[in-house]
Amino acid sequence: MSIREHLLSKRYYDDVRFPYGFKRSGLFTIAESECLETKGAYFKALQEGIVSDLDEEDIRTIKVLRGELDAKSFEEKTWLKYSMAPKKSQIWLCDREKKQLEAQYASEDEDDITVDFDDALDDDEFDY
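Heads up, the sequence shown is in the numbering used here, so the first residue is 15 and it goes up one at a time.
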């Protein structure tokens with residue numbers, strides 16, 4: 015089995031940048047996700063220079079990855095889209111952090127109200 019056949023038979027996953035997979039990331043269509051999973055290991059090997067027996071298609075793909083040529087095939091466009099994707103997925107506040115922030119802002123609002131009420135009493139505007 016050649017290096018090319020081995021890499022094309024291997025599924026590609028990027029657990030660091032896309033821990034829930036390409037399909038669940040929301041950045042790629044189903045077809046793009048399948049393309050990345052089936053040919054991603056080979057494209058990564060081409061990009062890193064691991065593959066030694068190159069044909070014309072591989073040389074063109076390497077030039078596309080370097081930015082020397084424009085991407086024409088679906089696979090090339092998909093890999094470029096993947097390589098330009100953010101390095102980390104977006105981080106959303108979990109409920110606990112959100113509740114802590116809301117509690118912090120609520121306590122600050124209550125402090126402001128208390129201070130305003132105390133100031134009103136100190137001004138002696140109201141004579142009894």
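Everything labelled a hint here was simulated from the structure, so no lab data went into it.
Heads up, the beta-carbon is just placed ideally off N, CA and C, and yes, glycines get one too.
One thing to keep in mind: the hints can contain errors.
[To be verified] Here are the simulated lysine-lysine pairs, BS3-like style, with alpha carbons at most 25 Å apart:
{"hint": "1", "residue 1": "LYS77", "residue 2": "LYS58"}
{"hint": "2", "residue 1": "LYS24", "residue 2": "LYS53"}
{"hint": "3", "residue 1": "LYS24", "residue 2": "LYS77"}
{"hint": "4", "residue 1": "LYS53", "residue 2": "LYS91"}
{"hint": "5", "residue 1": "LYS58", "residue 2": "LYS113"}
{"hint": "6", "residue 1": "LYS53", "residue 2": "LYS86"}
{"hint": "7", "residue 1": "LYS91", "residue 2": "LYS58"}
{"hint": "8", "residue 1": "LYS53", "residue 2": "LYS77"}
{"hint": "9", "residue 1": "LYS113", "residue 2": "LYS91"}
{"hint": "10", "residue 1": "LYS24", "residue 2": "LYS95"}
{"hint": "11", "residue 1": "LYS95", "residue 2": "LYS77"}
{"hint": "12", "residue 1": "LYS58", "residue 2": "LYS37"}
{"hint": "13", "residue 1": "LYS91", "residue 2": "LYS24"}
{"hint": "14", "residue 1": "LYS37", "residue 2": "LYS24"}
{"hint": "15", "residue 1": "LYS53", "residue 2": "LYS37"}
{"hint": "16", "residue 1": "LYS58", "residue 2": "LYS86"}
{"hint": "17", "residue 1": "LYS113", "residue 2": "LYS37"}
{"hint": "18", "residue 1": "LYS24", "residue 2": "LYS86"}
{"hint": "19", "residue 1": "LYS95", "residue 2": "LYS113"}
{"hint": "20", "residue 1": "LYS53", "residue 2": "LYS113"}
{"hint": "21", "residue 1": "LYS77", "residue 2": "LYS113"}
{"hint": "22", "residue 1": "LYS113", "residue 2": "LYS24"}
[Said to hold, decoys possible] Ranges between beta-carbon positions, derived for each pair:
{"hint": "23", "residue 1": "ALA117", "residue 2": "GLY35", "range": "31 to 37 Å"}
{"hint": "24", "residue 1": "LYS77", "residue 2": "ASP29", "range": "27 to 33 Å"}
{"hint": "25", "residue 1": "ASP84", "residue 2": "SER16", "range": "36 to 42 Å"}
{"hint": "26", "residue 1": "ILE64", "residue 2": "GLY35", "range": "40 to 46 Å"}
{"hint": "27", "residue 1": "GLU62", "residue 2": "ALA117", "range": "45 to 51 Å"}
{"hint": "28", "residue 1": "HIS20", "residue 2": "GLU48", "range": "32 to 38 Å"}
Now for the hints, and whether the structure bears them out:
This hinted pair checks out: LYS77 and LYS58 have alpha carbons roughly 14 Å apart, not beyond 25 Å. Pair hint LYS24 plus LYS53 holds up; C-alpha atoms about 8 Å apart against a cutoff of 25 Å. Between LYS24 and LYS77 the alpha-carbon distance is near 23 Å, which keeps this suggested pair within the 25 Å criterion. For the suggested pair LYS53 and LYS91, the alpha carbons sit about 12 Å apart, so the restraint of at most 25 Å is met.
With a C-alpha separation of about 42 Å, the suggested pairing of LYS58 with LYS113 is violated against the 25 Å cut-off. Between the alpha carbons of LYS53 and LYS86 the distance comes to roughly 16 Å, so the proposed pair stays at or under 25 Å and holds. Between LYS91 and LYS58, the direct Cα distance comes to roughly 14 Å. Compliance with the 25 Å bound is thereby established for this hinted pair. Pair hint LYS53 plus LYS77 holds up; C-alpha atoms about 17 Å apart against a cutoff of 25 Å.
Proximity of LYS113 to LYS91 is assessed by CA-CA distance (about 42 Å); at most 25 Å being required, the pair is judged violated. With a C-alpha separation of about 21 Å, the suggested pairing of LYS24 with LYS95 holds against the 25 Å cut-off. At roughly 16 Å between alpha-carbon atoms, LYS95 and LYS77 fall within 25 Å of each other, so this suggested pair holds. Between LYS58 and LYS37 the CA atoms are separated by roughly 19 Å; this keeps the pair inside 25 Å, and the hint holds.
Of the supplied pair hints, the one linking LYS91 and LYS24 holds, its CA atoms being roughly 20 Å apart against a limit of 25 Å. Restraint check: the Cα-Cα separation between LYS37 and LYS24 comes to about 18 Å, which is no more than 25 Å; the hinted pair holds. With a CA separation close to 15 Å, the supplied pair LYS53 and LYS37 stays within the 25 Å bound. The straight-line distance between the Cα atoms of LYS58 and LYS86 is roughly 18 Å, inside the 25 Å bound, and the hint therefore holds.
Distance hint between LYS113 and LYS37 is unfulfilled; the C-alpha atoms sit about 30 Å from each other, more than 25 Å. Between LYS24 and LYS86 the CA atoms are separated by roughly 24 Å; this keeps the pair inside 25 Å, and the hint holds. A hinted pair counts as satisfied when its Cα atoms are at most 25 Å apart, and LYS95 with LYS113 does not qualify at roughly 36 Å. Proposed proximity of LYS53 and LYS113 is contradicted: the alpha carbons are some 43 Å apart, above 25 Å.
Between LYS77 and LYS113, the direct Cα distance comes to roughly 50 Å. Violation of the 25 Å bound is thereby established for this hinted pair. Distance hint between LYS113 and LYS24 is unfulfilled; the C-alpha atoms sit about 44 Å from each other, more than 25 Å. Range check, ALA117 to GLY35: about 35 Å between beta-carbon atoms, so the 31 to 37 Å window is met. Between LYS77 and ASP29 the beta carbon distance is about 29 Å. The supplied range of 27 to 33 Å therefore holds.
For the hinted restraint 36 to 42 Å between ASP84 and SER16, the CB-CB distance of approximately 29 Å leaves it violated. Roughly 24 Å separates the CB atoms of ILE64 and GLY35, a value that falls outside the hinted 40 to 46 Å. One distance hint, 45 to 51 Å for the beta-carbon pair GLU62 and ALA117, holds here, with the actual separation near 48 Å. Between HIS20 and GLU48 the beta carbons are some 19 Å apart, a value that contradicts the proposed interval 32 to 38 Å.
The structure fails to meet hints 5, 9, 17, 19, 20, 21, 22, 25, 26, 28 from the earlier list, while all remaining hints are met.
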